[in-house]
Structure formats: structure tokens, C-alpha cells
Amino acid sequence: MSHDLPDVIVTERLTLARRGEDERSGVGFAVRTTREGLDIGTAHVAPLDAGDWSVGLSIREDDRRRGYGHEAARALLGVVFSELGAARALVAVPLDSDAGQRLAERLGMNGQGVHAGARRYLAWRAPGATPPQRGRRR
1 MSHDLPDVIV
11 TERLTLARRG
21 EDERSGVGFA
31 VRTTREGLDI
41 GTAHVAPLDA
51 GDWSVGLSIR
61 EDDRRRGYGH
71 EAARALLGVV
81 FSELGAARAL
91 VAVPLDSDAG
101 QRLAERLGMN
111 GQGVHAGARR
121 YLAWRAPGAT
131 PPQRGRRR
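Residue numbers (the numbering used here): 1 to 138.
Don't read these hints as lab results, they were simulated from the structure. Hints are supplied without guarantee of correctness; some may be wrong.
Ranges of calculated distance between the beta carbons of each label pair, as one might list FRET restraints [unchecked claim]:
1) 49 x 12: 31 to 37 Å
2) 12 x 95: 17 to 23 Å
3) 38 x 7: 15 to 21 Å
4) 87 x 35: 32 to 38 Å
5) 108 x 48: 15 to 21 Å
6) 33 x 87: 29 to 35 Å
7) 20 x 106: 18 to 24 Å
8) 96 x 4: 15 to 21 Å
9) 62 x 94: 16 to 22 Å
Computed from a predicted structure; not experimentally measured. Every residue gets a Cβ at the ideal spot worked out from N, C-alpha and C, and that includes glycine.
Taking the hints into account, I'd like the entire structure generated from these sequences.
The following block contains the structure:
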């Protein structure tokens, strides 16, 4: 499962470095601060059906509320739409994550209903439009 994803995505304050890929979880990235090189989270993208892609992001609790999640999510969505030609992107946000719900809304995503799994979550879909991208490929 080789996808045309960059090894490194650089934004204003973050570096997303590719960690690897597998059939089950897609492509994983380490999220680091560019200046200090500190690991602050993880991210992944994985193909779904019919041109849709799953995008996941987790920022360490101590590093939240600084805009890192928004910056990393915009960079990932930009790559998914512009590099992979995704029709839509899906983000699953736990029901108890108010910050995650607000982030999905700020990214222009639309709530698609509650789904059950190991945890209940609200699925958000972004239509196939490239969000403004400040990140650059390396």
C-alpha cells in the first residue's frame, strides 16, 4: 500500500515526519515542533471507500490549546486533497471531545452522525475542497 505522501510536511510551527505505513492503519506521522524538535503528537491518514480518506490526529495534553491541532489538521487535509485527490475526508471525534468537535467545525467539516465502536464518536466529513495550505513538502 504505497501512497504518494510526502516523507515530511512542514508548516509554520510544525514538522510532520512520516513514521511508516501498513494496510490496517494507513500512513503514520510523528508531529513535532519545528523549532525545538519536540514530539507533541501523532497523526495518520488511511484510505477508505470510493476516494474517501480517514484523517486522525492526537496532540499531547500538555501541548493542546496552542493551535497545533488546527495547524497539523489543515496540513494533513491539504495533502489528502491535493496530493491524493481525495473526494472527502473523514475525521472521527469522540463525543466527549468538545475541543475536537470545535476543531472539525473550524476546518469546515460537516457532522455526519454518531457511530459506535470501542468508543462512541461523531463522524465529520470535509467536502473535496482543498483547505488553504501553508505547509510545504520536503
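The hints, checked one at a time:
A C-beta distance of roughly 34 Å is found between residue 49 and residue 12, which places it inside the suggested range of 31 to 37 Å. Remark: the range hint 17 to 23 Å for residue 12 to residue 95 is contradicted by a beta-carbon distance near 31 Å. Distance hint check for residue 38 and residue 7: the Cβ-Cβ separation is about 19 Å, which falls inside the suggested range of 15 to 21 Å. In this structure the hint that residue 87 and residue 35 lie 32 to 38 Å apart at CB holds, the actual value being about 36 Å.
In this structure the supplied range 15 to 21 Å holds for residue 108 paired with residue 48, their Cβ-Cβ distance being about 19 Å. At roughly 32 Å, the beta carbons of residue 33 and residue 87 sit within the given window of 29 to 35 Å. Our hint of 18 to 24 Å for residue 20 and residue 106 is violated, since their Cβ atoms are close to 29 Å apart. At about 35 Å, the beta-carbon gap between residue 96 and residue 4 misses the expected band of 15 to 21 Å.
For residue 62 and residue 94, the Cβ-Cβ distance of about 19 Å falls inside the hinted range of 16 to 22 Å, so the restraint holds.
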